[in-house]
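Engineer: If you read the protein sequences in the order shown, they are chains A and B. Just add 76 to wherever you are in the first sequence, counting from 1, and you've got the numbering used here. Just add 37 to wherever you are in the second sequence, counting from 1, and you've got the numbering used here.
By construction, these hints were calculated from the structure, which means they are not laboratory data. Not one of these hints is a red herring.
In silico SDA-like pairs for lysine to any residue, Cα to Cα no more than 20 Å straight-line:
hint, chain 1, residue 1, chain 2, residue 2
1, B, Lys114, A, Pro171
2, B, Lys117, B, Met105
3, B, Lys94, A, Ile310
4, B, Lys114, A, Gly82
If you only want the chain A side, here are some residues facing chain B, beta carbon under 7 Å, derived:
hint, residue
5, Ala87
6, Arg161
7, Asn163
Below, a sample of chain A positions facing chain B; criterion: calculated Cβ distance under 10 Å:
hint, residue
8, Lys83
9, Lys91
10, Arg93
11, Ser95
12, Glu158
13, Thr160
14, Asn165
15, Thr169
16, Pro171
17, Leu174
18, Leu177
19, Arg314
20, His316
21, Glu317
Glycine residues also receive a C-beta, built at the ideal position from the N, C-alpha and C atoms.
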Amino acid sequence: MKTSYGKAVHAERLKLRRSPVWLAFIALPIISAFFGTCNYVLNIEILKKEWFSLWTQHSLFLCYFFMPALIGTYCSYLWRLEHTRHNWNSFLTSPLPLWALYFGKLTQAVCMTVLGNAWIFFLYYICGKIAGLASPFPKEAMSWFFFGTVGAVAICCVQLFFSLIIRSFAIPIGIAMAGGIFGLLITNKGWGLRYPYSLYSVGMRANNPNLEIDMSAHLVNSLTYFFLFTALSILWLRKHEISAN
Amino acid sequence: MPTQNLVETHNLTKEYGKVRCVDSVNMQVPSGAVYGFLGPNGAGKSTTLKMLLGLAKPTAGDITLFGMPVKEKTRMKLLKQTGSLIESPSYYGHLTGEENLQIIQTLKGCSEKDIDKVLKIVRLEDARKKLVNHYSLGMKQRLGLAAALLGFPKLLILDEPTNGLDPAGIQEMRELICTLPSEYGITVIVSSHLLSEIDQMADHVGIIRKGGLVYQNTLESLHSHAKQQIALRVSHPAIALDLLRQDGITAAQEEDYLLLPMMDDAYVANLCKQLVSQNISLYRIEKREKSLEDIFLSLTGKESSL
Chain A
77 MKTSYGKAVH AERLKLRRSP VWLAFIALPI ISAFFGTCNY VLNIEILKKE WFSLWTQHSL
137 FLCYFFMPAL IGTYCSYLWR LEHTRHNWNS FLTSPLPLWA LYFGKLTQAV CMTVLGNAWI
197 FFLYYICGKI AGLASPFPKE AMSWFFFGTV GAVAICCVQL FFSLIIRSFA IPIGIAMAGG
257 IFGLLITNKG WGLRYPYSLY SVGMRANNPN LEIDMSAHLV NSLTYFFLFT ALSILWLRKH
317 EISAN
Chain B
38 MPTQNLVETH NLTKEYGKVR CVDSVNMQVP SGAVYGFLGP NGAGKSTTLK MLLGLAKPTA
98 GDITLFGMPV KEKTRMKLLK QTGSLIESPS YYGHLTGEEN LQIIQTLKGC SEKDIDKVLK
158 IVRLEDARKK LVNHYSLGMK QRLGLAAALL GFPKLLILDE PTNGLDPAGI QEMRELICTL
218 PSEYGITVIV SSHLLSEIDQ MADHVGIIRK GGLVYQNTLE SLHSHAKQQI ALRVSHPAIA
278 LDLLRQDGIT AAQEEDYLLL PMMDDAYVAN LCKQLVSQNI SLYRIEKREK SLEDIFLSLT
338 GKESSL
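Chain B with its partners taken away, still in its complex shape (with noise of 0.2 Å):
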């Protein structure tokens, strides 16, 4: 069970000239956790990653990992502990996988044999020698989560790594992913545009929209916000709308239709004979939900994917 934040950050601000990207943004990331950071394209996930990273530097607020301020003076004890696969994989096209590994054991200064494990993990044994110019973007993608995966930190920030890869590349990540905090005992950062994607990921979610975390918990509360509701449409609604009152239902009228709240079978065959037995006639009986896209448009509005 998660037990303290790895990752906390506090009014984290970044603003390029006049335009603030990142807003305020109070992350908080559980030790152990798949923490998805969601949002729109533009929405500021890269960049407040990059700061995380000490890519890009904040306008205003603090950054703490692992406890330990991000500062010029922490910057390399932070990184040791950290892998990370930001915008598209970093690689040397002229080199072959294993020796684009090689190139980041050296800088990490990890095992050689973490090489051959991570290159297992991400199923690129039989690439290994091939030049990275002739891999696919799905196999660059892998690479780069190979590279990111050197040293086995206990941090992993992975920006859209899904972005490119096919669906059986896309499922495949998914589920390495998940494995990742049970198997290897990593926290992950994992960012995305699409709420499948994390819904399918994460334990944990953030909700950015234009530069401002509008959501963060675990995702089964995010599921728990998933309303449902029972929608009648009858002939009178201003009468019914009266007549629930007194009964001490709290409905709400939406065009046509009275929006009550969930109640069991019975109940509601009692209301109906009750609104019958009044003269309204009833011409529709519906069940809504409000789904867990429903609930990520209203908080990152239309236009974003999903």
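Isolated chain A (complex conformation) (with noise of 0.2 Å):
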């Protein structure tokens, strides 16, 4: 006997077979670690510090740019399937608390962004392997990993708020672009933790592998992300109307 929560998380993945949204999470992260790797590779003399070195090649472009569009592409694509062709009708009368049917949604855009995240950790070990790094793979990507995906889930609240209440594919995939690039000006400003966007990068320590971050601090501002927009959407589902035509 399946629960809420498990009968809409199956839901949701009935609904992405055949969606080919997940190839952007396979493709973009080989482009940015392919060009990362040449760049690398091309600068050897004065990139010195190995996989650190490697790190920030792959990082740089990675975090700020295309991780950001990239959630906000696959949560548009989750949203946009309730949005056409009626189907706020069926999903809004499914026998379902509306929180389990939001979790159902995060959880594949999590889900998504998680594999993702993990892809691109083992395409910057492979390229740093054919780079020909001898020294061994850094201790340090585990926190890496951990608190990018902290800062990514982060993402996936608020990308998944503006995709639920916009109606438009694009534009909310114009706020994750915008968000990230913005959030390479703030983070430069030191105020990296406080903005969503950022929390990815500095998480990741894109660019900067040395970056000593507050943990605590990520993941507060984190957690206050994910429940605020969490908070916001499941209030919105609630609130929403489906006006006649």
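Dock the two chains into a complex; use the hints.
Structural biologist: Given below as structure tokens:
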């Protein structure tokens, strides 16, 4: 006997069959890893810190530009399924609590983000080996992965909210891209832990593997964005009305 | 025989801004009925049905389904027993018909075997593996009905279910709806702007006009409103009217005609003799019938479709 949450997750997984949107999570990190590795190999004279140097080349574009846009695209797609073909009628008349319906979507977004992040680190490892790095794989990568993923979950919640309330597919993606780019400025100012789109890049130590972060602040802020935007989304679902044609 | 109301609304009202779309509707749908919800386009049918499903929040008034008030707390319990097809069918075009039904079946938590049953009922078995994007509008409509039927709910709410169907499809849909109460114990609310359609499907009818429920009763009762009258055209209507009144006949003058209640042939013959004996020439005798369409138009206004 499945729980409401289990049913919602299963239904969302069924909806994503034959949806090629996950391919972007495979393709963009490959592009980023390819150019990052080439850049590292071509500038090996000045990039002397092996794995750390390679990570700066891999993570810069990926964390600030690609990943927020990828999460934005995925979240837009998840809600687009309901925004089209009168599917709100069927979605909101499902005999499941609204929180379960929302968490069904969020689970898909988080799963894709975790897998995407794991893929990024896998590519990092493979590229390091191809580039001939002899030193051991950095232990710090575990922390980058964990805090990066936590930050990405916060972005998922923010983006799911925007994609829920904005019917357009492209506008929330534009918000995510702008959020990521703006995050570069915010992080440079030292406010990265307060800004949701920077939580990912700060957690991943993008472009700066030696960065010391306040881990508890990162977790607390990520959880704050998680709860805030989850609450806003569920509240919106509760208040949302399907107007007559 | 229906014994109690499965659906009841009390002064149900919905306003969008300053526009009152639904105005103090007191709807009563008996258990086991096919309730035809009839009204012109824009009369407030879809908005009313959406309020029953919780898709729109009433500005005022109450709704009771299965004896329970429609509220956030009861939402899940009520939706478990309700199937619906509102406006156009909902579907995920990149999935097959069967996969679409699997999603609904998962959400409703009903048996997988129900998918086969409902596909058979709506005759989509052969198209179950086809992508819904490749379905015709009629097939999508039938898929929407199949989704609504999953779990065989106690109440089925269908908003204009024959929209976009060809004549054969319309006939098929009507026949199917008619059988739902007897074969599956499902109470059906079906909306339409076509009187003929409701006349062929429903046993109870509610007529809505400009947001207000202007008629609600059995279809049989609506038929009984279809009056028959005798119309006479005579040379001196005023004198004839006096004579008729002296005989105790309630008559009314409408243009050149006198309108009398329906009476048997012998009485009409006798009346004619009387008028002629008073030197009133009789030009024409007609039997007039106020049809169901006339009643509908008089209730809903001339803008209505038939």
